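For reference, the chains in residue letters:
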Amino acid sequence: MKKLSSISLAAVLAVLAAPAFADELNVVCSNEQDWCDLMASNFEAATGIDVAMVRKSTGETLAQVRAEAGNPKIDVWWGGTGDPHLIAAAEDLTEASGADTSALLPWAVNIAEISSGKTIGIHAGALGIAYNADVLAEKGLKAPACWKDLADPAYKGEIQVANPNSSGTAYTELATLTQLFGEDEAFKLLAEIGANVNQYTKSGSAPSKAAARGETTISIGFMHDMVNLRKSGFPLEIVAPCEGTGYEVGGVSVIKGAKNPDAAKKWVDFVLTAEAQQAGLQVGVYNVPSNSGATLDPDSPDLSSIKLIDYDFATYGASDTRERLLARWDAEVKGAGGAVEE
Amino acid sequence: MKRTAGLWLLIGLAGYALLPWYMVSGGVFSLGWVVDMTGKGAAPAFWQVVTQGKWWLAGPLPAFAAVALVQGFARGQLTAARALVGAAAAGLGLLVAQGLLIPGSAARFGWIAGEGQPGMGAGAAITALALLLILTTGISGLGRGRGDAFVTGLIGLIVALVAIFVFYPVAHVLIRAFELKGGAGYGVSEFLGRFFSANLWGLGCLAGGECGPAVNSLVLGVMTGAGTTALGLAFALIFTRTGFRAKPVLRVLTIIPIITPPFVIGLALILLFGRAGTVTEFFADTFGWEKTRWLYGFGGIYLAQMLSFTPIAFLVLIGVVEGVSPSMEEASQTLDADRWQTFRHVSLPLMRPGLANAFLLGFIESLADFGNPLVLGGNFNVLSTEIYFAIVGAVADPAKAAILSIALLVMTLGAFLVQRRWVGRKSYATVTGKADSGRHAALNPALRWACYLTALPWAAFTAAIYSMIAFGSFVKLWGYDHSFTLEHYIRAFSVSFANGIRFTGSAWDSYFTTLTIAGISAPLTAFVGLATAYLLVRQKFAGKEAFEFSTMLSFAIPGTVIGVAYVMAFNFPPIELTGTSVILIIVFVFRNMPVGVRGGIAAMSQLDRSLDEASIMLGANSFTTARRVIAPLLGPAILAALTYSFVRAITSVSAVIFLVSARHNMATSFIVGRVENGEFGFAIAYSAVLILTMLAAILILQLLIGKRRLRRADRVEA
Numbered sequence: 100m101k102k103l104s105s106i107s108l109a110a111v112l113a114v115l116a117a118p119a120f121a122d123e124l125n126v127v128c129s130n131e132q133d134w135c136d137l138m139a140s141n142f143e144a145a146t147g148i149d150v151a152m153v154r155k156s157t158g159e160t161l162a163q164v165r166a167e168a169g170n171p172k173i174d175v176w177w178g179g180t181g182d183p184h185l186i187a188a189a190e191d192l193t194e195a196s197g198a199d200t201s202a203l204l205p206w207a208v209n210i211a212e213i214s215s216g217k218t219i220g221i222h223a224g225a226l227g228i229a230y231n232a233d234v235l236a237e238k239g240l241k242a243p244a245c246w247k248d249l250a251d252p253a254y255k256g257e258i259q260v261a262n263p264n265s266s267g268t269a270y271t272e273l274a275t276l277t278q279l280f281g282e283d284e285a286f287k288l289l290a291e292i293g294a295n296v297n298q299y300t301k302s303g304s305a306p307s308k309a310a311a312r313g314e315t316t317i318s319i320g321f322m323h324d325m326v327n328l329r330k331s332g333f334p335l336e337i338v339a340p341c342e343g344t345g346y347e348v349g350g351v352s353v354i355k356g357a358k359n360p361d362a363a364k365k366w367v368d369f370v371l372t373a374e375a376q377q378a379g380l381q382v383g384v385y386n387v388p389s390n391s392g393a394t395l396d397p398d399s400p401d402l403s404s405i406k407l408i409d410y411d412f413a414t415y416g417a418s419d420t421r422e423r424l425l426a427r428w429d430a431e432v433k434g435a436g437g438a439v440e441e
Numbered sequence: 012m013k014r015t016a017g018l019w020l021l022i023g024l025a026g027y028a029l030l031p032w033y034m035v036s037g038g039v040f041s042l043g044w045v046v047d048m049t050g051k052g053a054a055p056a057f058w059q060v061v062t063q064g065k066w067w068l069a070g071p072l073p074a075f076a077a078v079a080l081v082q083g084f085a086r087g088q089l090t091a092a093r094a095l096v097g098a099a100a101a102g103l104g105l106l107v108a109q110g111l112l113i114p115g116s117a118a119r120f121g122w123i124a125g126e127g128q129p130g131m132g133a134g135a136a137i138t139a140l141a142l143l144l145i146l147t148t149g150i151s152g153l154g155r156g157r158g159d160a161f162v163t164g165l166i167g168l169i170v171a172l173v174a175i176f177v178f179y180p181v182a183h184v185l186i187r188a189f190e191l192k193g194g195a196g197y198g199v200s201e202f203l204g205r206f207f208s209a210n211l212w213g214l215g216c217l218a219g220g221e222c223g224p225a226v227n228s229l230v231l232g233v234m235t236g237a238g239t240t241a242l243g244l245a246f247a248l249i250f251t252r253t254g255f256r257a258k259p260v261l262r263v264l265t266i267i268p269i270i271t272p273p274f275v276i277g278l279a280l281i282l283l284f285g286r287a288g289t290v291t292e293f294f295a296d297t298f299g300w301e302k303t304r305w306l307y308g309f310g311g312i313y314l315a316q317m318l319s320f321t322p323i324a325f326l327v328l329i330g331v332v333e334g335v336s337p338s339m340e341e342a343s344q345t346l347d348a349d350r351w352q353t354f355r356h357v358s359l360p361l362m363r364p365g366l367a368n369a370f371l372l373g374f375i376e377s378l379a380d381f382g383n384p385l386v387l388g389g390n391f392n393v394l395s396t397e398i399y400f401a402i403v404g405a406v407a408d409p410a411k412a413a414i415l416s417i418a419l420l421v422m423t424l425g426a427f428l429v430q431r432r433w434v435g436r437k438s439y440a441t442v443t444g445k446a447d448s449g450r451h452a453a454l455n456p457a458l459r460w461a462c463y464l465t466a467l468p469w470a471a472f473t474a475a476i477y478s479m480i481a482f483g484s485f486v487k488l489w490g491y492d493h494s495f496t497l498e499h500y501i502r503a504f505s506v507s508f509a510n511g512i513r514f515t516g517s518a519w520d521s522y523f524t525t526l527t528i529a530g531i532s533a534p535l536t537a538f539v540g541l542a543t544a545y546l547l548v549r550q551k552f553a554g555k556e557a558f559e560f561s562t563m564l565s566f567a568i569p570g571t572v573i574g575v576a577y578v579m580a581f582n583f584p585p586i587e588l589t590g591t592s593v594i595l596i597i598v599f600v601f602r603n604m605p606v607g608v609r610g611g612i613a614a615m616s617q618l619d620r621s622l623d624e625a626s627i628m629l630g631a632n633s634f635t636t637a638r639r640v641i642a643p644l645l646g647p648a649i650l651a652a653l654t655y656s657f658v659r660a661i662t663s664v665s666a667v668i669f670l671v672s673a674r675h676n677m678a679t680s681f682i683v684g685r686v687e688n689g690e691f692g693f694a695i696a697y698s699a700v701l702i703l704t705m706l707a708a709i710l711i712l713q714l715l716i717g718k719r720r721l722r723r724a725d726r727v728e729a
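Residue numbers (this note's numbering), protein chains in the order written: chain A, 100 to 441; chain B, 12 to 729.
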């Protein structure tokens, strides 16, 4: 009995090594790891505030912020695609930081206005098409240049794209085509493209990775992901669709009820400055920074040379539009042939 | 009984009057609270009641008083025991009730206006533990558990732990399955419709369409369970019943797949068998075969799961196959059975508990597996990935996640009941303490060759996969640019020697955290798991089957659900653990303990009860018997439990994604982030270092625990 007592006592004591409540800033970063680390150390150097940072994808962060609502362990959420940030704002999980947006580009301010200042745009990335040049040549196919080219039956079984039910990237594609061609026309086109799709992946970045390795020939995704893969040495060619394309805006949000609200606001102010944003070039960040004063990498997709649509975040970010479009996608696109394993 | 109860009374009083009741900043070991004993936050419960009027904390006080009275005045064993049970149960009930009624900043149901309280701390935990053990001591005094306070105490402790760390959080998630749309409360009307929908259970694939994820999961689970059990058995037979020469090499190959971080196996398979894979290219070039994407779908997932989970079946089976008594086999042969008949009618039936438990583990692992279907799933949907994206996908649907989890649990419960029926009530005791010659019957040639022909190619396949992985960490861009580089290792694990040793590589932080947490949780897991197995096999008590199934629960639910459940349950008082390393340790202990339980049950059913009885007759109590007789005979089971829990704590990913925090990041979530970013070389280099670390740890464990000695020579009949 004594043995059991001492063992259980020790277990209980171990369990009681209670959490730390030190003064610091807790950041969840949904950007690339290197970019997260660099921004954290730059912020520490500039403000002297101790940053504790962990990297999680946007979907995971949103799930965690929801579960922790009321007693959050995170102060500020930086990076990742804007939709989850907008959802968090709509669900009242984040609060306005009151940061100055006067130096920012219009699309970044737009996001802030939609969410009444709860999330602010930090970078943008355009949607594009990529193809593996080696495989394309081997199969004797011609390179696609427009969205409509993808409906060509010659590409049967060669295209990979994510499932919009699980991936924000694919939802952006769905919303982009809807805005470009009108809803009925867009679903017709999606069904035609769908007949060529070999797999609807769960994750939005998976198709481009598969294209990089030649597991598929053509992928649809965000251009900055494609640039990244191309820079690491894969034979990936990137296409900005001729009809024009949509884009995502990454956000930064202060979590409602944050334990360190002042430090969180300083973080928001800091990541919106031109100096902080252009530091991303050192670690290969190829999306477009939101501060108009930040310099661009020559390799990054220049938004001014791409035909961008006037993406309506307010309408297509709203959950009723989303549910309606996804239901229609399930009904008209998912079952429309395709998804074939050669 | 009185002495034990008295001891716990003292400990409980100390916890109540000396230790801070609530969580204190900096942790109880920082001792900062000592100077602030009567202050607002850090005061022990006694002072909170006296000086701050928190009368609801007074619950345990009358209970302690009653226990003290019993100690002093009660006459007669039975009266005293009854009084102890009553007093302790009441005290415990009041303690739990106040915690649940006044969580966080405000009391529930507007009960006490304006009052809230922080999470419970050391004082509360010690007080609750003392009350619990006084309660179980009282129960033993009533004659339950053969009047053994150790047995009732152990049952009480494990039941309490499972209730707090499995039921409490899981209930938080599952209740959402019954949520009505638009926040209209709870009900079964929507649940039934969604649960029995064709989207979930559809059989369209028989007609050339798509099957529901539940059906896919079920088929995959049964196939993986059966396949891993068969392969595991083949390996175990080679080890124990043949004179195969390269056993040590084989041993490493059987262990390695479980110590591989997620995604790595899937990635290696893509590089071999994907449309642009090495093997595919080879066949396309030589035989002109069409390059296909067959890997993406059932075939790929099945292959990856077979690779990943065969070692678990092997770990469970090796101890059982070894334990089958040679005497029985000899008797069979003396009665003129040939080797095949002996194996078929004597050895194999005696291995049933092992086979059943190996199958159950393989089945459940396959259902809950998330990494392999994510990488190789193609359009083959399974429950675990559906659940993950119901939680983190573009449209979050917690109700769907909960419903799918229930479907998963129903399958687990089904498999559990089937395996119980199959094992039945027969005795499988073959380690009896009686002497036997120690020569295992050899396999008949046909069976031996069957084992060789299934296991050895598989081992070669494993070796090929792992050479690929090792290769991947030394080249610039795996699959494309194969020029040699050490860059990945340098980025991850560089060390600077200027001004003493500084670990400058970016992987070190998560590496040390991971090893520490795995090192703490592994022995706890093994202890809780084997103690549970001991209770299940050796003790009789009411509700045993429900208890057994409840221990499987946290294992059967996919990690994502467990992770979210833990955040929902432990982010708020009365128990607030998020953001700490403790929550990681706890989630590993309760998620991995079923392997300890299953392995322990399989091994313990072989030990003849006469061994325990002999020990008890010689005057030892249950604790001494468990420690001195049973534990030493459980060597392989202990090793399996320790190995598995250590390794799983390092390699599990889905459960920890929501629980890691900036101060306590784990290796796998770090690696997954790198994979998402396309840095395969870096991810694989880190994985390779982890694999070597784990391999070293396992070898050290093997040396420390040693082989159990069954007084049988380890040899096979010539």
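Treat the hints as calculated values from the structure; they're not laboratory data.
Since the structure is predicted, the reported quantities are computational estimates derived from the model, not experimental observations.
Careful, some of the hints might be misleading.
Cβ-to-Cβ under 7 Å is the rule here; a few derived chain A residues that face chain B [as the list claims (entries may be wrong)]: (1) Thr-146; (2) Asp-149; (3) Ala-151; (4) Val-153; (5) Arg-154; (6) Gly-158; (7) Ala-166; (8) Lys-172; (9) Ser-265; (10) Gly-313; (11) Glu-431; (12) Lys-433.
Cβ atoms here follow ideal geometry from the backbone N, Cα and C, with glycine treated the same way.
Practice item. Please flag the earlier hints that this structure goes against, numbers listed from lowest up. Key: Violated hints: 1, 2, 11, 12; rest satisfied.
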